[in-house]
Amino acid sequence: MTSQAVGWLTGSLTSAHPLTAAARSTTLTVPGWPGNDAGQHVDVRLTAPDGYQAVRSYSIASAGPGEEIELAIDRLPDGEVSPFLVDDLELGDTVELRGPLGGWFVWRPEQTQPVQLIAGGSGVVPFVAMTRAHASVGSTVPMQLLYSLRTPEDAFFRDELSQPTATVRTTWHYTGAVPPGWSRSAGRLTVEDLQRETLPPEKAPLTYICGPTGFVEAVSRALISLGHAPDAIRTERFGGT
Amino acid sequence: MDHLDGNVLAGPTTDLFAFEPTTAQGQCRSCADIAALGQAMVYGQPMGFVARCRNCDNVLLVVVEHAGQKSLNMRGLRWLRVADPVEHNRI
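As given, the protein sequences belong to chains A and B, one line each in that order. Sequential numbering from 1006 applies to the first sequence in my numbering. Sequential numbering from 613 applies to the second sequence in my numbering.
Cβ-Cβ distance ranges computed for the label pairs, FRET-style:
#: 1; chain 1: B; residue 1: Arg641; chain 2: A; residue 2: Arg1155; range: 35 to 45 Å
#: 2; chain 1: B; residue 1: Cys668; chain 2: A; residue 2: Pro1184; range: 38 to 48 Å
#: 3; chain 1: A; residue 1: Thr1117; chain 2: B; residue 2: Ala695; range: 15 to 25 Å
#: 4; chain 1: A; residue 1: Gly1186; chain 2: B; residue 2: Lys682; range: 48 to 58 Å
#: 5; chain 1: B; residue 1: Arg641; chain 2: A; residue 2: Ser1017; range: 43 to 53 Å
If you're looking for bench data, these hints aren't it; they were derived computationally from the structure. Every residue gets a Cβ at the ideal spot worked out from N, C-alpha and C, and that includes glycine.
Assemble the whole structure, with the sequences as input and the hints as a guide.
Structure below.
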């Protein structure tokens, strides 16, 4: 399958459901969409009646061929685009989309290295696409996910990630509040947590980190201190609005 | 201001490059570090994007969008090496 040169396409909302109190899954049907690799993103453009335009990038939670894409969007309180996509976009409404974008922060089934995924908050979205791609091709490459989130209520795709049949094991880590009976207290990921819960340098993994800038900086620094080569770490940071 | 990664350049540069830019390798003119553009640190919005070297902070590339025009300055790159699209342009 060939990925076409990208221009602005029009997508309409064909299904949606809440993921958390602040986030929703939106599935858009996009005629002309060429399919996408796991981990790619899309730019979404909104145009106000006065002509003002705002563009934001979102990771795609789905992967593979087809004209449907799933985005998992977190509402940023002072965002220009995300509150509209989470609260106001109705079934049948359209938005402009440019993509699929990016070739660096992707996982392709032909990759042979073991894979460690490390997500901070809604940074889990491209990894959902990677776990789906991993399962759909029946990959035997080891892949595991460490998912750091504030509280259990903030989890995206918990049921899917926790399925006993999942081909990717998810380790949950809570920074703000833990579920009842959880053995560890809430707190940010430490170097020791990363040493215990991620693939070690000896396994020569490719490690992907996605989350807010501070999270990505802290985790990548810690991994380098544990002996991972900087070029074996791929990062995707997301900003504020 | 928080910085992003070179990944975010993929959208704004689609009409500037005929190749996928985030996997293209480039060399920093200042410190000679070689990295994919996806590894650069990008300071973005609202006027455009400034991509800086991950190693020495040198400005590699600037994309500015203004009044319906887009300009690209690549003063900080010694070279850019692009993979064969036949190998990479697929999913």
